[in-house]
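Enquirer: Listed here are the chains, written in short residue letters.
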Amino acid sequence: MSHVHLLAWILFAPLAAAVFNGLLALRSARVTVPVEGHHLRPIDRAVAGIGVAGPLVATLAAWTLAIDFLGRDRSLRLTELDLGTWFTMGQAHVSWLFRVDALSLVMVLIVTTVGTLIHLYSVGYMAGDQGFPRFFTWLNLFTFAMLVLVTARDLVVLFLGWEGVGVCSYLLIGYWFSDAAKAAAGLKAFVVNRIGDLGLLLGMFLLYWSMVPSGQASLDIDLLSAHVTKLSVPLATLAAVLLFIGAMGKSAQVPLHIWLPDAMAGPTPVSALIHAATMVTAGVYMVARMHPLYHHAPAALAFIGSLGALTALVAATVACTQTNIKRVIAWSTVSQLGYMFMGLGAGAFSVGIYHLFTHAFFKALFFLSAGAVIHALNGEEEVGRMGGLWSKLRITGPAFVIAAAANAGIPPLSGFVSKDAILVAAWHAHQPWWLAVGLLTAGMTAFYSFRLVALVLAGPARDKHLVEHAHEAGWTMTVPLLLLACGAVAAGALEWPHELGGTLWFSAWLEPVFYPSLAHGVHANPVVDLILTAGSVAVVATGAAVGWSLHARPGAPTGSPWTPLAGVWQAMRRGWFVDEALERALVRPVVFSSRAAAPFLDFLLGWMAKGVVGGLSMAGRGLAVAQSGLARHYAMAMLAGLVVLVAWAVLSGGR
Amino acid sequence: MGETLTLPVWMLILPFVAAAVAALLPARAARLAAGAAMLGELGLGAAMVRSFRDQAELQSVATWPMLGLFGTNLRLGVDGLSLFLLVAGAALGLLAVVVAGAGRPASFHAWLLLFVGTMAGVLLVQDLLVFYVFWELMLLPALVLLLLWGDSDRRKATVPFVVVTLVGSLAMLAVIFAMGAEAHARTGAWNFDLDALAGVVTTWGPDARCWAFAGLILAFAVKIPLFPLHFWLPAAYTSAPLPAVILLSGLMAKLGTYGVLRIAMPLFPEQAVAWSPWLAALAVVGILHGAVLALGARDVRTVLAYSSFSHLGWIALGIFSLTAEGIEGALLQQVGHALVTAALFILAAWASERQGSTQLSRFGGMAATHPWLAAALVFSAMASAGLPGLNGFVGEFLILLGAWGLSPWAALFGGLGVVLGAAYLLWLLQRMLYGPVVEPAPSGRDIGVRELAVALPLLAMMLLFGIRPGLLLDRMKPWSDAYVLRFHPAASQAALPTGTH
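These protein sequence lines are chains A and B, in that order.
According to the numbering used here, the first sequence is numbered sequentially starting from -16.
According to the numbering used here, the second sequence is numbered sequentially starting from 37.
Derived from the structure by calculation, the hints contain no laboratory data.
Yeah, the Cβ is synthetic: ideal placement off N, Cα and C, and Gly gets one too.
One should not assume that every hint holds.
Chain A stretches covered by chain B per the calculated footprint, using a threshold of three residues with CB under 8 angstroms from any CB of chain B [claimed, not checked]: (1) 60 to 74; (2) 161 to 167; (3) 173 to 184.
Just chain B, same shape as in the assembly:
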């Protein structure tokens, strides 16, 4: 039957318990408790990485008999796909609590912890119905953080966000229930376990599988977001408070691509193969559309929001290339982008604080007045632009390499994102940092020890993972190598001969 209390279980429970505790404490204590909990979560994550074996299978599996909804067995576990996303979630949670500052009430921290906890749930459970519960629950802290602590545009941001998510989620729920019902019809028992369902749906006709795949993709595409479902993103990312944006852009977006990888494609591999060129095309359109919008944006947060959209397009492109190279790149980029986007949003927020505006027309010459902040921004922007040696490069390289395997045109047009990405990031730096110092001059000191304690670990990791991506990739590779074979049962022998190192 397996164990019931493994590391992943503790990782799932800790944020919820901590949230309950934090909600009852006074604000200062709540912040400390939240920070301590996230530090503990990160420690659990580190322990999990240490004990992780470089294999394709689900590990640290905990099985809870009868605890799944409808009395099914609930499995939790971690594999090469989810391992570093979980760790990234803990790290981003810690970061969010730290940058939230002392002024936030206890409930703010509690909601942040809930956000982290629900996302950990999404990543850990192997039961589709429970997955759906966490998936929906995840929206609650996101909405509360946005509505209660967002800036003046928050209402405008909320409506489209909720609507598209609602539509997507309903589609997913329908598909999940249909699959569960199929299992019920065949075995007489409800079952939503992912592995069990993979066998169940093979008996469906092509039409049914097509619709089911479409429903799942719709739900996940909203979260990624995949073009043309991205219209909710800029308003949400720019009006949510910084700690929420870190979690939204850093992790929640990747749960969309995670869902595609974990659920939609393995359940319906034939549909995945058939649809992948079209989905890859949408990803490419998203890369370019996001980059072009980032180029034209006039607000620093909007630039970063569109940049995030564009970068998620890369990840989606890698996945839909259905090549070993592309999927490895996507896995790496999921983690790499979490790091870079968090750093950029934080640094941009510090810069805006000092400039007293997020409007780029109000910026100028910060490199002269705030050289350390400027250096950190240039460094992070270069990582985002995929400079080799920093952590954005290897992922993007593998993704484009994989895209060529799907179609050279995908690599060509996706690759234009390399050019546009450099353009909008450097154009952002140009307006913020260079030129004569504007009037009124940015106020406040350059970033000091406290801010460096936040920024330096992020920058150091960008360099570390740029030079030694194997620290991440070696854990992911067995999973992705085994995974990609599901989509190329015949071609795999020719394309991926084993043991040719």
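The following block holds chain A by itself, in its conformation from the complex:
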């Protein structure tokens, strides 16, 4: 099969599945056949088959394409699918043009492979839910939108995928919509993302108008890439920052991160797929995709890296204090996204993408194994009622530990390799502060990862009754766990550091996309790298040991482990009050104007209009009479006026 056909299958197999399941969902929405236990109704079986088959076909096509690419020359690793024009703007036009190159293929492989596993997992996890067909519709549609996002060659088409994943995220966060709080979490996610989207839009506008004088205005990424090097640096910096504001929303960077922890209201497979492995990394991808622009705007890169470092640190502190199992992992995701931006900010685009790649495996695994724990405990998410699950969950338990260890950066797991690469890149970019923050955050990451492992799995059960009935999930859930665990362990081999005797295959793969000079790899001094690696391993080991030992003993507290810290602990627990601050600074003024200021303004306008009416009427007859009959009188007067006008015109005969 030709490359173009493979690309078509990758894109449209999930879309076809979404359409089929959508029809089934509509059909079944009004039929309330009671579901007994965790069983699949006949319609659910059909939905599950279609729902998994769609992404599976895309996965097979993607791997076929990848294998074929590997056998080709670097310059030939490219394929495009052209589906004509979407719309025209001025003299330019936007095309339905989809393209897979080395970078897009990495994203496609993540989205399809991890996505298929999560779809399979969902069959077990969502079994017995009344809205099963609806769930798979949104999940399939999400996969399609995400694939559009990572293969689009035009920024506007990318934006279609970008908003498409956003709306699927909204619908899936609020999937259990009968709970108003869950639906509201979806609303919050969408609106906060829209703030970022505005930045992205403005960035596009700036780039478009900067091209207009050349007569070649376009938002095609390839044309833009050639054009941006001719921009003045301040203009390029502004465009880069505006686009990055979009990335801040989607990829949850401070202060637009506030939606992501609340997004945990969605079912756990959604958290794994959308809010860990794929959608939230769209911002990282977009910045990497626009790398010529960012390369041309060093100040913007410095801003991105600094904000990434800040986000990594802040989110890690919050993750240390959470007691809801999903929220720990959510804040961890925010923190890891910060690392990715730190890598990009250092100019090491392939390293940032590599962390995105490993993170997709270990964070999806983290969420799915947490989901298996929640599933085993009948929906319990508070770690305060867990503990003692190691002996009960023989597959989920080890999977959870592997995920936590990879997240913490324990060698030789994949998380260690990619995080180490970022720290090294920060050092080589002459950003000692990023390195310091990165090291500190690495220690905290290890701390909260093993705190979570200890609280969930170790020791005696805190809630004996709950844990007693815990049971391992069925094969649809455990098989994805096993496969993702393999990925989380082995993905590190693709970029095993030079100084430890490895080869940087991943960077080499991306080299044709990013400038060879930017690919991390050619370091002058392996000794420095080795020292950095040793230092980070030491910090991680310390963090992990402290996190484990404080929480593994019986009766370990889920709150602050040290009394003097209690105050700060509370602040961290509440996310440093960013949510509250934004609520006061932004939401309340808008609500106030919507309820009071704007209606009052309209009242004033209406009052003034009445004054005008009064003035007009006084000239004529009494106010009351005129007002009550004004409309009718006006209608009459108007008709009469028209009659006179027409009569005059006709009689005057044109003179």
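Starting from the structure of chain A, add chain B where the hints point.
Expert: Quick look at chain B alone, frame taken from chain A:
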């Protein structure tokens, strides 16, 4: 001299004839006749789209010698600006008749047809005095529908509506007569033909042109409505019967922006260029003010009314950007918004019927009890919020892109409407559809086959025009490309090089 009976002429005559017939029939037959007439009107519209050539010029021109007032030649025709507004008028007319239901008397249908007919007249005639006649006549069915069949607040709604319209219309009439008189003074004959007047007014001094432009803008701004002339809108939109609201919000509002594009700006291009930043600023204020009011509104119809106000601000912003991109977006959005606003008002009316209230505090959990209705509402709200892939996006994108061409600040503040728009639409959905099912629970069945027959074509078109906006835009583009050159005679060479595809 040209033809006298072209498709546009039939489109103009049909609604009036049908109205006269419907008025004489019993109610049931009148409804059938009205529906058949609107179907015929839609068929004529489709035929017109088929025969339309993608060019800037006025097409299917019919010239009626001596039939214009004062014996001038009356021209009718259609171009990229009016083509789809006419078709939308026919479609909305059909929709209005269908959703009017069987309970309405014959006169109701007759007035609906008159409303459609007068609006078709506004869109078709190229003679300013006849334009004015239709413009004023259009108000009559609107008022009658509001006063005779509106709900209890209708009187409160009528007064401000009439007053601002009156003031605006008087200003327009004065300007039109002044121009006609100028033509009379120069040539010895009254002439109100648009093309002829464009040459006439160039001899006026700057002050006179300024006042004339202001008068015209005032008349059109009332209809759009442009901030701060919007205060009549919420009461009118919420107390008028549903079929009238569909026509008011779906088409009559766009006749305001149509008038700006067709009459005010081409007659006074220098004033348009000079004033456009200020008018664009008013449009932006309207976008934000409307969105904020929609956020705070407690009645589902009020939310949609303010939403309509806010969306018309987008269209005005695109026009006043005076860029090719912005005007293309405005043309597209004129048609796109007609579709979305009609769908939202209809769906909201069905939901309110089942809930027994339009107060949002009485709603809750409808997604569980009426999943299909909920799905249709979510879909339409997403189209309204400008989700790419549905029909609101391309228009809004082009408008904001054009606004950046005028001033990045216009794009920034106008763009805040993107955020607020998502906020008020999702907040509306949240209160209507989500959360626990309220007591008393919404009654009645979910939407069935009959309602789907109304809703599905609308939803399908939202998707179709979202993915293939070229179906509309390609017809409009030659017109708007030629149009925008009038305002940038010098800059156009640099900004709009031809043939760079």
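Enquirer: Now look at each hint and say whether the structure bears it out.
Expert: Consistency of the hints with the structure:
1. For the stretch 60 to 74 of chain A, the stated coverage by chain B is satisfied: 7 residues place a CB nearer than 8 angstroms to a CB of that chain, which reaches the threshold of 3.
2. Proximity of the stretch 161 to 167 of chain A to chain B, defined as three or more residues with a beta carbon under 8 angstroms from a beta carbon of that chain, is established by the 5 residues found.
3. With 7 residues bearing a CB less than 8 angstroms from a CB of chain B, the stretch 173 to 184 of chain A meets the requirement of three and the coverage assertion stands.
Violation of the numbered hints given earlier is absent; every hint is satisfied by the structure.
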